[in-house]
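*Asks:* For chain Y, the structure is supplied; the task is to place chains B, L and S on it using the hints.
Number of protein chains: 4
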Amino acid sequence: MLNVAVVGASGYTGVELLRLLHCHPEVAVTCITSEQSAGRPVADVFPTLRGRYAQVLENLEPVRVAEKADLIFTALPHKAAMEVVPTFLKLGRRVIDLSADYRFNDAAVYEQWYEPHMNPENLKEAVYGLPEVRRVKIGDAQLVGNPGCYPTSVILGLMPLLKKGLIDTTTIIADSKSGVSGAGRGAKVENLYCEVNDGFKAYGVGGVHRHIPEIEQELSFLAGERITITFTPHLVPMDRGILSTIYARLSGSATTADLAKIYVDFYDGEPFVRVLSAGSVPSTSHVRGSNFCDIGIVVDCRTGRVVVVSAIDNLVKGAAGQAVQNMNIMYGFPEALGLEGLPLFP
Amino acid sequence: MLNVAVVGASGYTGVELLRLLHCHPEVAVTCITSEQSAGRPVADVFPTLRGRYAQVLENLEPVRVAEKADLIFTALPHKAAMEVVPTFLKLGRRVIDLSADYRFNDAAVYEQWYEPHMNPENLKEAVYGLPEVRRVKIGDAQLVGNPGCYPTSVILGLMPLLKKGLIDTTTIIADSKSGVSGAGRGAKVENLYCEVNDGFKAYGVGGVHRHIPEIEQELSFLAGERITITFTPHLVPMDRGILSTIYARLSGSATTADLAKIYVDFYDGEPFVRVLSAGSVPSTSHVRGSNFCDIGIVVDCRTGRVVVVSAIDNLVKGAAGQAVQNMNIMYGFPEALGLEGLPLFP
Amino acid sequence: MLNVAVVGASGYTGVELLRLLHCHPEVAVTCITSEQSAGRPVADVFPTLRGRYAQVLENLEPVRVAEKADLIFTALPHKAAMEVVPTFLKLGRRVIDLSADYRFNDAAVYEQWYEPHMNPENLKEAVYGLPEVRRVKIGDAQLVGNPGCYPTSVILGLMPLLKKGLIDTTTIIADSKSGVSGAGRGAKVENLYCEVNDGFKAYGVGGVHRHIPEIEQELSFLAGERITITFTPHLVPMDRGILSTIYARLSGSATTADLAKIYVDFYDGEPFVRVLSAGSVPSTSHVRGSNFCDIGIVVDCRTGRVVVVSAIDNLVKGAAGQAVQNMNIMYGFPEALGLEGLPLFP
Amino acid sequence: MLNVAVVGASGYTGVELLRLLHCHPEVAVTCITSEQSAGRPVADVFPTLRGRYAQVLENLEPVRVAEKADLIFTALPHKAAMEVVPTFLKLGRRVIDLSADYRFNDAAVYEQWYEPHMNPENLKEAVYGLPEVRRVKIGDAQLVGNPGCYPTSVILGLMPLLKKGLIDTTTIIADSKSGVSGAGRGAKVENLYCEVNDGFKAYGVGGVHRHIPEIEQELSFLAGERITITFTPHLVPMDRGILSTIYARLSGSATTADLAKIYVDFYDGEPFVRVLSAGSVPSTSHVRGSNFCDIGIVVDCRTGRVVVVSAIDNLVKGAAGQAVQNMNIMYGFPEALGLEGLPLFP
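Residue numbers (the numbering used here), protein chains in the order written: chain Y, 1 to 346; chain B, 347 to 692; chain L, 693 to 1038; chain S, 1039 to 1384.
Isolated chain Y, as found in the complex (with noise of 0.2 angstroms):
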């Protein structure tokens, strides 16, 4: 039985992995922190998990953390994850962390776009953690920065057409849309029912995203070229999902059809990658609560654009879900373990 901790579990994600969890065969969870909760017990917090969690909420105490606890997912914001994560690791214990904070590979980049970065020496050795792409890597990783959810979904979408050079890399347009606990749980007037319920907004238009670093990392990684995007995030009525339409101009010709077979060959064995078949395209419906990230692939003919629809849960393929499937890769479980649960509909 593997000891793991969730370390500030009082927003969305973090109640989101006690979910997973507790359906894991191989998992006990030993310690439950949270700053601004901590000596309630959880299921007062999350009424969800009533009657099936008994933990009392903790304060992040790091040392008391890693007695308890092999493995540590840090749920935090960025900045409070690397104010604790050296900790850990410095005690031996391995960490998933679902912030931004281990998510570059080069610090320059973190500060452009977050701030000074503490803790750049373990930085170098994490892992980015999306299994598609670093499966190995993150079998042997001390410590795994868990993808954002915009990242996931854009990544996922062009991986194929970038490793197979089949796009113009200039021209790639992300058009992402998210339901609204991507705006986490903090009290808000912005994220009030009233204020998002029945309307549709788009938000940091115009490269200002803080997902854009990261989504460039990897896109130009996969392509071995150095990739720069157009970034739109959008605000969907909705809890859950995100749906990124991508778009780009194909450098040869090709049918969607042929596409539709490059992409089911290669996502071939994936076990959380669904491609539709061609000429279909997913909804975040049919992902909600899974760890699925569904593809569908179309040629836009009279253009010469491919338009790649991609849609996952941002809390499970996006944080939580995703987090558990690098527990998976890390200690060898089955690596759908856990995340057998299938979407919830309607």
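Fair warning: there could be bad hints in the mix.
[Said to hold, decoys possible] Listed next, the in silico DSS-like pairs over lysine-lysine satisfying Cα-Cα at most 30 angstroms (straight line):
1) L:Lys953 x Y:Lys188
2) B:Lys510 x B:Lys534
3) Y:Lys188 x L:Lys880
4) L:Lys856 x L:Lys816
5) S:Lys1117 x B:Lys534
6) Y:Lys164 x Y:Lys124
7) B:Lys534 x S:Lys1162
8) L:Lys771 x Y:Lys79
9) L:Lys760 x L:Lys829
10) B:Lys509 x B:Lys534
11) L:Lys880 x L:Lys855
12) B:Lys425 x S:Lys1226
13) Y:Lys164 x Y:Lys261
14) Y:Lys79 x Y:Lys90
15) L:Lys816 x L:Lys829
16) Y:Lys124 x Y:Lys163
17) B:Lys534 x B:Lys425
18) B:Lys607 x B:Lys509
If you're looking for bench data, these hints aren't it; they were derived computationally from the structure.
*Replies:* Frame of chain Y; chains B, L and S shown alone:
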């Protein structure tokens, strides 16, 4: 391994059964039928199942179904169920029927609210499948009439009060609210997104909803006297969930704390009933996708009434989950097997 | 042209007042205040007003407000209202107060449910602004206490039954459901989109909601006897709307058709009460954005109870629209002036 | 007083026309037709109209309609419109057609995307009813082809860039998102509440949506050259609203501030186009129920692309409101008459 069939799988209850059975370690789904979509892969009809269910939907030919399965879930409309259930039973199969056809002790009641009953002999043998009320009988049953969604929420909400004789049984009013999946997957204008979204309405007002006789049958059984109630269903703009707010006048005096204690004791050991602490009331959000029934109880001292609030997921504890729970009881599996999934929140 | 001020305009009631007043041909909005956002253009806070309201939000300085306006709408929290209303009145201004501060005949009742009343002398003169009950007094009032949203729906639903003495007044139960805008625009976790969406819950159960004494005051006035009710509010995942389902035992025997006729006659000539044909019940969808109160009435013959269902838009007939209707009465404008807009559907 | 008919009033566009026309002081609605519901009071089909519209829905007999009305709004499906419009015109009536039948300059384009055109002679005379593009011609038109919802949002979003020659016209991509009312009121499974709620999907991907030729016709007209675009529509779980995110590469260099100024100047004096301040982007929430088109514009300096975001209410500026605006122009009424209503928020 138990071979089971799901008959009538193109509705929301059908797909929910398939979702739950996929995670059940003792069950193989060997046959799935749908009149409307026979010949199509079930994953085409419900893309959530993609990559996990390879089966093709079959026509409903009762003998062939019985050849493939030991236990048959009939998720058909009422009347359609009693057209095929007798064949399954004659061939020695066990049946859990999710329609209304086998829920009544008395064919006359069925006939008053529905239509002529075609199979009164099996009706007599059928067991009303609410485990908290009739666990032992369910274990031995060949045919289980799986309860309706509204009745499950109202009966579980009132059971302790009735068994203990704490209320004036002539004063019961159940004001219930359901998500839209309760209305089924038929193409009707009234269930279109734009007709339902951002609105709230009552329907079936004035003692005409067909779940009334079912509720009254069970409440009368529990109380040992004939009970008549006022019941009003409402439609909530949400996919899943039923919340029933139930009113009755207390016979004697009791505090909220007294009653909460009685409920906790009464439901002690039940795997799926969660009694909230005194003064708390439940939300459908906290049972979504799970087999829980959450119950809160409050005394209104100003008027001498008790207010019970109960919440379930109509597709799980109100239909498919309860059916799986009944199956577990019938076959001696641990009662919660395959039903461990925690509610999805948000 | 009547000069009006809207005091406390950064909430949902405030912006709704501005929306309605914009289409009122006899009114000029000459002053808009907001403590939180003073100094910002009102159209920055509410982009719906862009291009139509050029005003900048002002601090609430009562004397300056009174200099600019003949009539002042106070859309402040309770207590904050009674801190400024006396000044407005002293300076000869008329006031429509949308808080609870001037709704009660008896300061003792206010103090029991709220807090010490700072202005009992004006409370005595204030008129409860439900036009269907007190139209004539409203016309002469200097100070109107604009009714709460739940009370409006319950009182209008019961008024004919009480005036005609048709029910046992000890058996009244009002089960009410509200959209989320009723909870205001404060940044609270519980009102975040993800906390509310796709869920349904009760709150304030057991006779504790502050609208109870207001409802009971008016029902008692209408019935000519002291009435105590059970009232349960619920939260619906929708922006706007209140639907109240109201139960009482009939004193004598009456059919649905009898009562529908009584209601039609009773509300004949009322510009905003629409009585539905016998057997029909309303939906909040059909009053959204309008000042209508739709009422349906059904007798449950099996139990001798009557079920009244009433629907309003909580921000219009339940707040800002009713305030404009009161203004029209106070100034002799046609009662529906500026309120002609039909409900927005879908 | 202008007598108008609404032909095909049982859809969402029809009821929206009736809502808007009710508040128009120069118009009397003298005839309302519906094939499906002829003989029923219109207020039975749309309870929002209760108490304000007493009319009974009529069969569509063109000559009788023409006898009753000077101006006829045809809110019919395409093809059904061109079956009756010629009669109206022959009888000297003016027509605003809300279908696609009279939107194209070239019958061949219509025939490529729709079906054989039955009335090419009137097609030639019809004016594309986007006031911001062709106000003068609309004034004189006997027949107006009212624009589609997606085209309105895309054309208004791009017009200043095209007229000023600021973008590389081979690089235009419009990623559009629509509320569900755009799919009409037909009883289809795919538009049921539970199929749409809490999900997001693309559809018509790859250059196949019928609004493409309409958009391209107008963009080409504005640019003075043949333009081909990539267009992807999406379905948002909300009733109303379209938001289009439009991408193009800038020909030269321009800042966000430069372009915002160009847009403000370009649309100066337009009653319904609101250009947001530099860096702001719109939300459909802020135009709901109104005839506004809100536009924001941002330059992505990293990639040299401009991103335009435009928002409308698809049933108002995208259909019925634009039709009323066209009527106002045709009859010399103030252009905003009957369209003064501010957006409903929340």
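*Asks:* Compare the structure with each hint and give your call.
*Replies:* Hints versus structure:
Proximity of Lys953 of chain L to Lys188 of chain Y is assessed by CA-CA distance (about 49 angstroms); at most 30 angstroms being required, the pair is judged violated. For the hint pairing Lys510 of chain B with Lys534 of chain B, the CA-to-CA distance comes to about 44 angstroms; that exceeds 30 angstroms, so the pair is violated. Using a Cα cut-off of 30 angstroms, the hinted pair Lys188 of chain Y and Lys880 of chain L holds, with the two alpha carbons roughly 7 angstroms apart. Taken as a hint, the Lys856 of chain L and Lys816 of chain L pair is honoured in the structure, with Cα atoms around 28 angstroms apart against an allowance of 30 angstroms.
Of the supplied pair hints, the one linking Lys1117 of chain S and Lys534 of chain B holds, its CA atoms being roughly 25 angstroms apart against a limit of 30 angstroms. For the proposed pair Lys164 of chain Y and Lys124 of chain Y, the alpha carbon gap of about 28 angstroms is at most 30 angstroms, so the pair holds. With a C-alpha separation of about 40 angstroms, the suggested pairing of Lys534 of chain B with Lys1162 of chain S is violated against the 30 angstroms cut-off. The suggested pairing of Lys771 of chain L with Lys79 of chain Y is violated, with an alpha-carbon distance near 42 angstroms, which exceeds 30 angstroms.
The hinted pair formed by Lys760 of chain L and Lys829 of chain L meets the criterion: a straight-line CA distance of about 26 angstroms does not exceed 30 angstroms. Among the hinted pairs, Lys509 of chain B with Lys534 of chain B is inconsistent with the structure: their alpha-carbon atoms are about 41 angstroms apart, more than 30 angstroms. With a CA separation close to 41 angstroms, the supplied pair Lys880 of chain L and Lys855 of chain L exceeds the 30 angstroms bound. With a C-alpha separation of about 25 angstroms, the suggested pair Lys425 of chain B and Lys1226 of chain S falls inside the 30 angstroms cut-off, and the hint holds.
Restraint check for Lys164 of chain Y and Lys261 of chain Y: the C-alpha separation of about 13 angstroms stays at or below 30 angstroms, so the hint holds. About 18 angstroms separates the Cα atoms of Lys79 of chain Y and Lys90 of chain Y, which keeps this hinted pair within 30 angstroms; it holds. As the CA atoms of Lys816 of chain L and Lys829 of chain L are separated by approximately 13 angstroms, the hinted pair is consistent with the 30 angstroms bound. A threshold of 30 angstroms between alpha carbons decides the hint, and for Lys124 of chain Y with Lys163 of chain Y the separation of about 24 angstroms falls inside it, so the pair holds.
Only pairs whose Cα atoms come within 30 angstroms are accepted, and Lys534 of chain B paired with Lys425 of chain B is accepted, the gap being roughly 20 angstroms. In summary, the hint linking Lys607 of chain B to Lys509 of chain B is supported, as the alpha carbons are separated by about 15 angstroms, within the 30 angstroms threshold.
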